[in-house]
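Asks: The hints should help you fit chains B and C onto chain A, whose structure is shown.
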Amino acid sequence: MTPALCVTNLCVDYGTKRVLDNASLEAASGRITAIIGPNGAGKSTLIKAVMGLVPISSGDIQLLGHKADRRSRKQVAYMPQRTAVDWDFPASALDVVAMGLYADIGWGRPVRRRHLTEALTYLEKVGLADLAKRPIGQLSGGQQQRVFLARALAQKADLYLMDEPFAGVDAATEASILDILKGMKATGRTVICVHHDLQTVTDYFDDAIAFNIRTIASGPVKEVMTPEHLQRAYGGRLLMVAS
Amino acid sequence: MISYNTLIVLLGTGVLGIAAGLTGVFLLLRKRSLLSDAVSHATLPGIALGFLAALALGLDDGRHLPTLLIGAACSGIIGAGAVQWLKDHSRLSEDTAIGVILSSFFGLGIVLLSYIQTLGTGSRAGLDSFLLGQTAALTREEISVTAVMALTVIAAILILRKELTLLCFDPIFTAARGLSLRWLDMLLMALMLAVVCTGLKTVGLILVIALLIIPAATARLWTDRLSLMLILAPLTGGISAASGALISAYIAHMPAGAMIVLIAALFLAISFIIAPAHGLIHWRRRP
Amino acid sequence: MNDMILQIDLPALLIATMAAIICSLCGAFLVLRRQALMSDALSHVVLPGIVTGYLVSGTIAALPMLLGALGACLLAVSLMALIRRVRIIESGAIMGIVFTTLFALGVLLLEQKVGGRVHLDAHHALYGALELTYWPGIFTPDMWQTMPADMPLLFFVMLAVTMLVLVFYKELKLATFDPLLAQGQGLRPAWVSAGLLALSAVGCVAAFQAVGSILVIALFICPAACARLLTSSLAGYLCCSASCAILMAVIGYGLAATAPLWLGIPAALSAAGMIAVTGGVMVALAACYTSRT
Numbered sequence: 627m628t629p630a631l632c633v634t635n636l637c638v639d640y641g642t643k644r645v646l647d648n649a650s651l652e653a654a655s656g657r658i659t660a661i662i663g664p665n666g667a668g669k670s671t672l673i674k675a676v677m678g679l680v681p682i683s684s685g686d687i688q689l690l691g692h693k694a695d696r697r698s699r700k701q702v703a704y705m706p707q708r709t710a711v712d713w714d715f716p717a718s719a720l721d722v723v724a725m726g727l728y729a730d731i732g733w734g735r736p737v738r739r740r741h742l743t744e745a746l747t748y749l750e751k752v753g754l755a756d757l758a759k760r761p762i763g764q765l766s767g768g769q770q771q772r773v774f775l776a777r778a779l780a781q782k783a784d785l786y787l788m789d790e791p792f793a794g795v796d797a798a799t800e801a802s803i804l805d806i807l808k809g810m811k812a813t814g815r816t817v818i819c820v821h822h823d824l825q826t827v828t829d830y831f832d833d834a835i836a837f838n839i840r841t842i843a844s845g846p847v848k849e850v851m852t853p854e855h856l857q858r859a860y861g862g863r864l865l866m867v868a869s
Numbered sequence: 014m015i016s017y018n019t020l021i022v023l024l025g026t027g028v029l030g031i032a033a034g035l036t037g038v039f040l041l042l043r044k045r046s047l048l049s050d051a052v053s054h055a056t057l058p059g060i061a062l063g064f065l066a067a068l069a070l071g072l073d074d075g076r077h078l079p080t081l082l083i084g085a086a087c088s089g090i091i092g093a094g095a096v097q098w099l100k101d102h103s104r105l106s107e108d109t110a111i112g113v114i115l116s117s118f119f120g121l122g123i124v125l126l127s128y129i130q131t132l133g134t135g136s137r138a139g140l141d142s143f144l145l146g147q148t149a150a151l152t153r154e155e156i157s158v159t160a161v162m163a164l165t166v167i168a169a170i171l172i173l174r175k176e177l178t179l180l181c182f183d184p185i186f187t188a189a190r191g192l193s194l195r196w197l198d199m200l201l202m203a204l205m206l207a208v209v210c211t212g213l214k215t216v217g218l219i220l221v222i223a224l225l226i227i228p229a230a231t232a233r234l235w236t237d238r239l240s241l242m243l244i245l246a247p248l249t250g251g252i253s254a255a256s257g258a259l260i261s262a263y264i265a266h267m268p269a270g271a272m273i274v275l276i277a278a279l280f281l282a283i284s285f286i287i288a289p290a291h292g293l294i295h296w297r298r299r300p
Numbered sequence: 003m004n005d006m007i008l009q010i011d012l013p014a015l016l017i018a019t020m021a022a023i024i025c026s027l028c029g030a031f032l033v034l035r036r037q038a039l040m041s042d043a044l045s046h047v048v049l050p051g052i053v054t055g056y057l058v059s060g061t062i063a064a065l066p067m068l069l070g071a072l073g074a075c076l077l078a079v080s081l082m083a084l085i086r087r088v089r090i091i092e093s094g095a096i097m098g099i100v101f102t103t104l105f106a107l108g109v110l111l112l113e114q115k116v117g118g119r120v121h122l123d124a125h126h127a128l129y130g131a132l133e134l135t136y137w138p139g140i141f142t143p144d145m146w147q148t149m150p151a152d153m154p155l156l157f158f159v160m161l162a163v164t165m166l167v168l169v170f171y172k173e174l175k176l177a178t179f180d181p182l183l184a185q186g187q188g189l190r191p192a193w194v195s196a197g198l199l200a201l202s203a204v205g206c207v208a209a210f211q212a213v214g215s216i217l218v219i220a221l222f223i224c225p226a227a228c229a230r231l232l233t234s235s236l237a238g239y240l241c242c243s244a245s246c247a248i249l250m251a252v253i254g255y256g257l258a259a260t261a262p263l264w265l266g267i268p269a270a271l272s273a274a275g276m277i278a279v280t281g282g283v284m285v286a287l288a289a290c291y292t293s294r295t
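Protein chains in written order, with the numbering used here: chain A, 627 to 869; chain B, 14 to 300; chain C, 3 to 295.
For reference, chain A alone in the conformation it holds in the complex (with noise of 0.2 Å):
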């Protein structure tokens, strides 16, 4: 079965600085994998650079068998960080939602109403059908965490890229956020998130790549959260192992 992400041989350099260097890594379609590190190992780049966000300076990208390129990346979802837009946006949590059929609708068509129904939809998974005319700004972190997923399910994408989804929410959130993964996995989507929390990795995904400008392990949770590899990819900023 083709891996739904491949990267091989991936460099991204921010002027003179090198922050992906030589990284090669694999996530198995139709499973829930993180992507975990310290600060500044490139997760967030790593799922930019895939998603063509940050120029790269060599390697290779195959998202689902095909070479990354526009056409290949319709197919992927891809979720900022909550914190990377303006929630004082003048928007209600419909028109987040929305935002995710645009490319469906076609550019330079306006939206119609059966794609504001459509829209509901997938607030309704998420469990916010009752908030859709609320401004954005006057939801919670994760109200505003969930409106995003439903945003992503809307691209009816095979894969999800994630950068980290649980970052910030209440643990009632969390549950509700790690429900619908299971469910988007259970209808042979993939998941990629970003992740931070190492406590959880092991409870939330089925694989995790440990990674700090390259690869360090990857493969199911299980064989990758060991004190070794996670020594290696945290150096000595590790306080705390999960056991």
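Just so you know, these hints were derived from the structure itself, not from any lab.
Even glycine gets a Cβ: it sits at the ideal position worked out from N, Cα and C.
Among these hints, one or two may not hold up.
[Said to hold, decoys possible] In silico DSS-like pairs for lysine-lysine, Cα to Cα no more than 30 Å straight-line:
#1 B:K175 - A:K848
#2 A:K811 - A:K700
#3 A:K643 - B:K100
#4 B:K100 - A:K759
#5 A:K811 - A:K848
#6 A:K759 - A:K700
#7 B:K100 - B:K44
#8 B:K100 - B:K175
#9 A:K759 - B:K44
#10 C:K172 - B:K44
#11 A:K811 - A:K693
#12 A:K751 - B:K175
#13 A:K700 - A:K782
#14 A:K848 - A:K808
#15 A:K782 - A:K751
#16 B:K44 - A:K700
#17 A:K693 - A:K759
#18 A:K782 - B:K175
#19 B:K175 - C:K175
[What the hints assert, rightly or not] The calculated label-pair distances, taken between Cβ atoms and stated as ranges, are:
#20 B:I286 - A:K759: 19 to 29 Å
#21 C:D180 - A:S684: 38 to 48 Å
#22 A:D756 - C:T233: 49 to 59 Å
#23 A:K759 - C:D180: 22 to 32 Å
#24 A:S650 - C:A200: 54 to 64 Å
#25 B:I283 - A:R735: 35 to 45 Å
#26 A:D756 - B:L171: 53 to 63 Å
#27 B:G191 - A:D756: 31 to 41 Å
#28 B:I260 - A:G641: 49 to 59 Å
Replies: Positioned in the frame of chain A, the structure of chains B and C alone reads:
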């Protein structure tokens, strides 16, 4: 009874106000409002060069509006590009880059104007109205140029509303969806430039940015919904522009540009107090 | 010819240099604090202040106009602070709202021409009148009587600004770099910030009379931008900013005076404009130099 000429002027400036209100909403949400300040000041050298070019070609004594506007647009584009270049290629922040470009381009314009003055044709009088706006009534030609450009801007925004919204709300997501951020930003800049050039003759280059900023901010105070903002901003913009022009046409010593801006500011001041979403009287209710 | 240089060019250069030092010192801190465009806003709101001062007092004496201008600057800053309490509008837009409105008010007042005899010229206010500086008795016994009116004011403001920056150097540094730490040490960053804005307003008003609003903006921002690109310590930054400002004033004025001779056109070019252009070119050169290395 309003005369036919006044009606034409009202329509022309009204359409300009609508276009500026619509463009302003997206500029405000993209947090680029003050870039319009740099661009509007940067049009001055272009106007002066356009004047010299028209003079050399023997068009209307140098006061050939299309040539002046083409010159203004060209130097406005160069100014916007220069701000972007400074921001990308140095450690200067955007506001500093804007200040540098604004003052140096405007300075160049003043140098060129002082040269034009030495030509001694008395021709500078026609260019002064670009600074502080027209005090007398606009001509038919000026109104038709205004209306055509403003309508183009309005049409472009209505067609590309969805894309501009995405750009302003979540640029990273926009890029991930395969849209070119650079092109969308350039489009927004082009719309802004079109409004600035259109407003030069009526409102003047120093005050035209008020038409872009104030109605959009007024609308933002009233609502948290973009669709409503896109109705309110052009509405207040259009009303301010038309009524300012009307007052200026009927009462002496009331320059149109200043009146338009002051009326728009009055709307903002009232909204600041009574607007339901973010007005003064509702501050206490919120935590 | 010699007399002309002494009586016209030297005083004009002196005025430009003093304005340059005042503006560049205030501007250096504004640029660091990402408030560069405050100078743009302040220099625009000076217009209604001056016109109001003139309308109220009925004379073109310097004092009422200065007070009016200062009042307008204070009004503008407080209006911005008031509107900023609505968190949803970004600070750039707030600046734009306030200064365009006040400037429009100034234009409207200017049109009224109450009294009608004395001519207050908007263009004079925008472009400045550096070329019109004239000091007939310079280096003669009656030089103090014939001194241009702007000169003593600029001199004292320059002294005051320099002294204040030197005395409060430490406080300004801390409050600019790390307002939270400053607060923890008992310094009130809000007061430092207000003081800096007040100082900028005074500097802006003083320089405005002599060199016009556009040159004020250029002198506030361009030297500081050059210094920002070329230096990395705060002391070096301030010195570099002041030196760039003086260099900019001298080169710009020199170009405006001599370019007509080279180009063979009859009259002088706007000195204020030329200084601003020089500032832009200097920033561009500094940016090219630093982006390559």
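Asks: Each of the hints needs a verdict: does it hold here or not?
Replies: Hints versus structure:
{"no.": "1", "hint": "B:K175 - A:K848", "in the structure": "violated (45 Å)"}
{"no.": "2", "hint": "A:K811 - A:K700", "in the structure": "holds (19 Å)"}
{"no.": "3", "hint": "A:K643 - B:K100", "in the structure": "holds (20 Å)"}
{"no.": "4", "hint": "B:K100 - A:K759", "in the structure": "violated (38 Å)"}
{"no.": "5", "hint": "A:K811 - A:K848", "in the structure": "holds (19 Å)"}
{"no.": "6", "hint": "A:K759 - A:K700", "in the structure": "holds (28 Å)"}
{"no.": "7", "hint": "B:K100 - B:K44", "in the structure": "holds (15 Å)"}
{"no.": "8", "hint": "B:K100 - B:K175", "in the structure": "holds (27 Å)"}
{"no.": "9", "hint": "A:K759 - B:K44", "in the structure": "holds (24 Å)"}
{"no.": "10", "hint": "C:K172 - B:K44", "in the structure": "violated (33 Å)"}
{"no.": "11", "hint": "A:K811 - A:K693", "in the structure": "holds (23 Å)"}
{"no.": "12", "hint": "A:K751 - B:K175", "in the structure": "holds (24 Å)"}
{"no.": "13", "hint": "A:K700 - A:K782", "in the structure": "holds (10 Å)"}
{"no.": "14", "hint": "A:K848 - A:K808", "in the structure": "holds (18 Å)"}
{"no.": "15", "hint": "A:K782 - A:K751", "in the structure": "holds (13 Å)"}
{"no.": "16", "hint": "B:K44 - A:K700", "in the structure": "holds (29 Å)"}
{"no.": "17", "hint": "A:K693 - A:K759", "in the structure": "violated (40 Å)"}
{"no.": "18", "hint": "A:K782 - B:K175", "in the structure": "holds (19 Å)"}
{"no.": "19", "hint": "B:K175 - C:K175", "in the structure": "violated (45 Å)"}
{"no.": "20", "hint": "B:I286 - A:K759: 19 to 29 Å", "in the structure": "holds (26 Å)"}
{"no.": "21", "hint": "C:D180 - A:S684: 38 to 48 Å", "in the structure": "holds (40 Å)"}
{"no.": "22", "hint": "A:D756 - C:T233: 49 to 59 Å", "in the structure": "holds (57 Å)"}
{"no.": "23", "hint": "A:K759 - C:D180: 22 to 32 Å", "in the structure": "violated (42 Å)"}
{"no.": "24", "hint": "A:S650 - C:A200: 54 to 64 Å", "in the structure": "holds (59 Å)"}
{"no.": "25", "hint": "B:I283 - A:R735: 35 to 45 Å", "in the structure": "holds (37 Å)"}
{"no.": "26", "hint": "A:D756 - B:L171: 53 to 63 Å", "in the structure": "violated (32 Å)"}
{"no.": "27", "hint": "B:G191 - A:D756: 31 to 41 Å", "in the structure": "holds (33 Å)"}
{"no.": "28", "hint": "B:I260 - A:G641: 49 to 59 Å", "in the structure": "holds (55 Å)"}
Checked against the numbered hints listed earlier, the structure breaks hints 1, 4, 10, 17, 19, 23 and 26; every other hint is satisfied.
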